[in-house]
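Line by line, the protein sequences give chains W, Y, U and X.
Under this note's numbering, the first residue of the first sequence carries the number 1, and numbering increases by one thereafter.
Under this note's numbering, the first residue of the second sequence carries the number 1, and numbering increases by one thereafter.
Under this note's numbering, the first residue of the third sequence carries the number 1, and numbering increases by one thereafter.
Under this note's numbering, the first residue of the fourth sequence carries the number 1, and numbering increases by one thereafter.
Take these hints with a grain of salt, some might be off.
[As the list claims (entries may be wrong)] DSBU-like cross-link-like pairs, simulated, lysine-lysine; straight-line CA separation at most 30 Å:
hint	chain 1	residue 1	chain 2	residue 2
1	Y	Lys285	Y	Lys344
2	Y	Lys285	X	Lys75
3	Y	Lys285	X	Lys344
4	U	Lys344	Y	Lys285
5	W	Lys344	W	Lys152
6	W	Lys344	X	Lys285
[To be verified] Here are some, though not all, of the chain X residues that point toward chain W, as calculated from beta-carbon distances under 8 Å:
hint	residue
7	Gln69
8	Ile71
9	Ile222
10	Pro252
11	Ala253
12	Glu286
13	Ala297
14	Ala336
What the hints contain is simulated information worked out from the structure, not anything from laboratory work.
Note that beta-carbon positions come from the ideal geometry of N, C-alpha and C, so glycine has one too.
Protein chains: 4
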Amino acid sequence: MAKKGDIEMVVVMDTKASEDDIGRVVSEVEAVGGQAFVSPGKLRTVIGLVGDTARFMELPLATLPHVEQVIRVGKPYKLVARELHQDATIVNVAGVPIGEGYFTMIAGPCAIETEEQAIEAARMAQDMGAHILRGDAYKHRTSPYAFQGLGKRGLEILRLMSQETGMPTVTEVLEPADVELVAEYTDVLRVGTRNAQNFPLLRECGRSGKAVMLKRGMAGTIEEWLMAAEYVAREGTSDIILCERGIRTYEPAYRNTLDIAAVPAAKQLTHLPVIVDPSHSGGRKELVAPLARAAVAAGADAVMIDIHPDPRAALCDGPQALTRDDIAELGAELLAIADAVGKKPADHVARG
Amino acid sequence: MAKKGDIEMVVVMDTKASEDDIGRVVSEVEAVGGQAFVSPGKLRTVIGLVGDTARFMELPLATLPHVEQVIRVGKPYKLVARELHQDATIVNVAGVPIGEGYFTMIAGPCAIETEEQAIEAARMAQDMGAHILRGDAYKHRTSPYAFQGLGKRGLEILRLMSQETGMPTVTEVLEPADVELVAEYTDVLRVGTRNAQNFPLLRECGRSGKAVMLKRGMAGTIEEWLMAAEYVAREGTSDIILCERGIRTYEPAYRNTLDIAAVPAAKQLTHLPVIVDPSHSGGRKELVAPLARAAVAAGADAVMIDIHPDPRAALCDGPQALTRDDIAELGAELLAIADAVGKKPADHVARG
Amino acid sequence: MAKKGDIEMVVVMDTKASEDDIGRVVSEVEAVGGQAFVSPGKLRTVIGLVGDTARFMELPLATLPHVEQVIRVGKPYKLVARELHQDATIVNVAGVPIGEGYFTMIAGPCAIETEEQAIEAARMAQDMGAHILRGDAYKHRTSPYAFQGLGKRGLEILRLMSQETGMPTVTEVLEPADVELVAEYTDVLRVGTRNAQNFPLLRECGRSGKAVMLKRGMAGTIEEWLMAAEYVAREGTSDIILCERGIRTYEPAYRNTLDIAAVPAAKQLTHLPVIVDPSHSGGRKELVAPLARAAVAAGADAVMIDIHPDPRAALCDGPQALTRDDIAELGAELLAIADAVGKKPADHVARG
Amino acid sequence: MAKKGDIEMVVVMDTKASEDDIGRVVSEVEAVGGQAFVSPGKLRTVIGLVGDTARFMELPLATLPHVEQVIRVGKPYKLVARELHQDATIVNVAGVPIGEGYFTMIAGPCAIETEEQAIEAARMAQDMGAHILRGDAYKHRTSPYAFQGLGKRGLEILRLMSQETGMPTVTEVLEPADVELVAEYTDVLRVGTRNAQNFPLLRECGRSGKAVMLKRGMAGTIEEWLMAAEYVAREGTSDIILCERGIRTYEPAYRNTLDIAAVPAAKQLTHLPVIVDPSHSGGRKELVAPLARAAVAAGADAVMIDIHPDPRAALCDGPQALTRDDIAELGAELLAIADAVGKKPADHVARG
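Same shape as in the complex, but just chain W (with noise of 0.2 Å):
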């Protein structure tokens, strides 16, 4: 069998189409550079379209006569793919390496609130073990009468815990205005959940030349949250980094619900590394435990924890933050889960 290109869509006319309606359909795709391979059944007739999948998305196939159906076969990214780069990325974290191999830890405050607060939740986080710090200067809120973040304030103090510990960190940016500031002092950028396709802020993040974080977002798909990555591929990075945070659905019990089969589905989809967020998954201090487990056992490359030395005085979120009593025995049992399922800890590679 002599090999074509590949075929990217395949579009279904139904039983009334004519030759003519299947005419239309053949000569949009070619008028575009593509092929169309028709197959006339006695129902309806089944055309296969070889080309550039980007192109034929642009065309108005559905609005054409008679069409019933179009099913895209290929991939709408390309950068991100497994498909066409079978290497996995592991992303360096100022030494820190996050993806396959490997499992990293990140935990911190979910706010930087004060000095203080910050550098106890710092010191909490190293003493558990943690190789990246987490702390959020710039807070996305429901609520407009909710506490919004330290600002620029939050961003010194975020580059304090690095300094105290040595850590390199990792936090959220609101607005492409803000992103060349909150590049000046962290490792990472988090877009998140509400932002999950705020496209020009994606851009702004792949321009920064720093390593992005992508939450998943709140009702997203796999596939939109691969688009989301590619957006800020395309502008030239490959330091990516996807964070799975649960998604919505209709059970009331949490907050969101983990979707935790979105680790091992989106790591067969690309070789960016694929990362929990247990904390926001539940939105329920109880559950975070369990769900870290769970993540790491699922295979994924890190998990990022919420801790606060105090709860109970948390501007944001406290209801999921972990305490010192909490984390205790937490991160020698992520290891151990770690080490079943073949993993070893970032930092042997951090230190190496």
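Given the structure of chain W, go ahead and fit chains Y, U and X onto it with the hints provided.
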């Protein structure tokens, strides 16, 4: 172009599939009398399957080595498909038509509680201009501690409601063993949302000689709903009425989310009538009238409304039942909307 | 009974809570100026909170020992709440009213592609009886490889559309930095579904001096939608229009599932107008008319419809655009339904 | 503080409620022997209800004039609630424990197809280290054209599987009429996801004298799942096993979305064991091992895995069945993870 059989499925091989892997798919397909049309590409090979969908669905195609995706193009249902039966089915319920071109009103109590309540509700339905009565003797309750219905005594009251008003009736049946008894007392057997995939019950209803109303599953797809109808139709009847009643979503503001688009979408796919239950959709009384109006405007062939002489005394779903005051103008409003969308009241024929 | 402040929250302690645990909740509440009313029980103690919800929401109540549940009774939004402002807000869009008692038609192209296409679509909208034009110069596209809009040139064409027809316009704005420019060219700024919780953008729109149309988030709750409106309202405007455009569910038959019940439900909770976009709800042309009819019947204050002189040439969302043939009768049908539900066409006032 | 009865519900009146409206709620509550504690506010009045939840749930409180919200504080289930029975239930399946502290492996073919296939699968399960066998004789299939199981002959083969390996078994029962027969042949009756609210079936299983395994409904909440267990428990048994098997979400990448948080969340609410079916959760073979590992790490008391000597020949759910190669190391991995989370293999006791 010579017409051949229809492509019913498309199998997409992954980038690592060998000619042997492709050959294995082809031979599986040919072994059940199908034909496989292979389109090799640079990245992936796509195979079109011509033959009997039902037999293909039995094949473990997705487990064969290097099969990435199996896409169904044909419909898994046949008897209820519009594709194969262009003419709309008008179900005749003891002289009252339900189907294309007509607008039918169904009303009555959610549960039959006492003879007095039921007869009074039947008179309310008649005054409102309803064509068919509803009223349940067997109730499906989430809590074992809730009222479960009057059983056979309820069926006797249902018959009295019909005799009193001269109207046909619809009532729920909960288990296969009850079908025969319930069928003696009513014109339409209703299968509830929690039984939407109770296949033994569906089969038994299909054999009853009565029309069957199928509520959509609480989280059922349109395709699953039509497959349930196919189960009933296979027993030899096409007197099947599809009833949209709201689906489960993440929105906490109402019990269920009425999927209004299911009305036009299902009508495209099937020749069976499609109706709406606005009462159970929202679960809140103040939503019933707006949702009933929306249903008629969207093209529903009937609406089914819970009414109660005194909802405050209702033993079941009182919160959504309309009272005499509520329905005073609703019947006329619904008729005006039906007129605006080109549907005539069912009674024009019923009394013809 | 002496009236006291309102109970804004209810805290449920678990079965193991001690008097100390209860006391801690009380002191947290009192520390922010609230009052706590304790109702001890055999299994669990329940505490009612009177005071300022916003301050209570900042408290980490759920993290206190032996707190089982924190239930909010009050609304987290104030300025947009019907509870506090019974009179409906009628937004005046350059003389065209949107709000209770009126039915307003908005139509135009999804994207402005060329001057010719846009002007022709504007004339189609006028012929259909529309009161306001839509047309986007900036497009939010899931794929980085898709058409992203004409930008400033598109805004100039939008102005021409308005001049040509004498109709006001609505157009999307994608990022805070663009608000000032876009506001120069249009009467209503629209915030899209992917930006439904882009708070910097919401704030900037609220300061623009223009009316703001807020699409509901792709998987946004009604409460989150109202909180987004609260963000805008806090900047000093009540010219806010809520637009339902379909939510994400498990049903694969359409792009989104129109949540028709959101129209009456949101109108109960807020004094702001609520409208429907039937085009983006279903994403399929044949669903637009039924969904538009349903929207009007359910009480939507306006519908916004994508039209295109030649959808087959559309660079964006062609599949759902209506043509001249499609809309020939739709305008009149929608007016007939509006009449049946007691709404008068917006032009009665616009021309008054 | 004098302890009184527990507040089981909270009724919130709207801003327009009069003292009469409030009085009506109070008298309804008192009429069923309850007590109503009224907290009047400036905007709204809140009423706490003390007494029997089950009776309150029968009251049409939400339909009373000016009632805005009815919030349940107490649990609607009793027998299965952890609140009232702190000690975990360990279900004894013919000597094999399922419950807190243990990790139990259940494996076998999805459907019993032939004696040869079933016996071979049973041996595979044994080699893998499984403690209990699965294998179905009655299949619940969405399509009426699909393989429906071997029926009684399948049960006979199931018994052979048990005799051959000395292991107890679990198998599905589809309708009340089959319960007695199926119970003769197996140790655990399983109720499938489509029957999760088939209450006549649940009751019959509860009366069978066998342990009952309850799959969570396809879109069932944790509360509905526990209510189903309550239906079974009311018949006099506490040998009930809850099985999470994925829920329906908007994500198209897998058949169902495994709700891993349901494991720790359900275990907080009930004393019954909670297990996971990783095979039906994802519906794709390559997800089974990662999901099984995640389940054990999250604290599941057992996992139930589909295996097949030759999935390519499977008549049912072949795509998700593991082969001899797939499971070679999985059993040992799962035990290592169980060990890391403090659970010992069920066999320690079974053979003790």
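Cross-check of the supplied hints:
For the suggested pair lysine 285/Y and lysine 344/Y, the alpha carbons sit about 27 Å apart, so the restraint of at most 30 Å is met. With a C-alpha separation of about 25 Å, the suggested pair lysine 285/Y and lysine 75/X falls inside the 30 Å cut-off, and the hint holds. Restraint check for lysine 285/Y and lysine 344/X: not satisfied, since their Cα atoms lie roughly 53 Å apart, outside the 30 Å limit. Proposed proximity of lysine 344/U and lysine 285/Y is supported: the alpha carbons are some 26 Å apart, at most 30 Å.
Pair hint lysine 344/W plus lysine 152/W does not hold up; C-alpha atoms about 36 Å apart against a cutoff of 30 Å. A C-alpha spacing of about 26 Å is found between lysine 344/W and lysine 285/X, which places the hinted pair at or below 30 Å, so the restraint holds. Interface hint status for glutamine 69/X: violated, as the beta-carbon distance to the closest one in chain W is roughly 15 Å, over 8 Å. For isoleucine 71/X, the suggested interface contact is broken, since its CB lies about 12 Å from the closest CB of chain W, more than 8 Å.
Hint on isoleucine 222/X holds. Least Cβ distance to chain W is approximately 5 Å, under the 8 Å limit. A least Cβ separation of about 7 Å between proline 252/X and chain W falls short of the 8 Å threshold, and the interface hint therefore holds. Because the closest C-beta pair between alanine 253/X and chain W is about 5 Å apart, less than 8 Å, the hint holds. Interface hint at glutamate 286/X: satisfied, since its Cβ lies 7 Å from the closest Cβ of chain W, which is below the 8 Å cut-off.
Evaluation of the alanine 297/X hint against chain W yields a held restraint, the C-beta minimum of about 4 Å falling below 8 Å. Here the hint on alanine 336/X is kept, as its CB sits about 4 Å from the closest CB of chain W, short of 8 Å.
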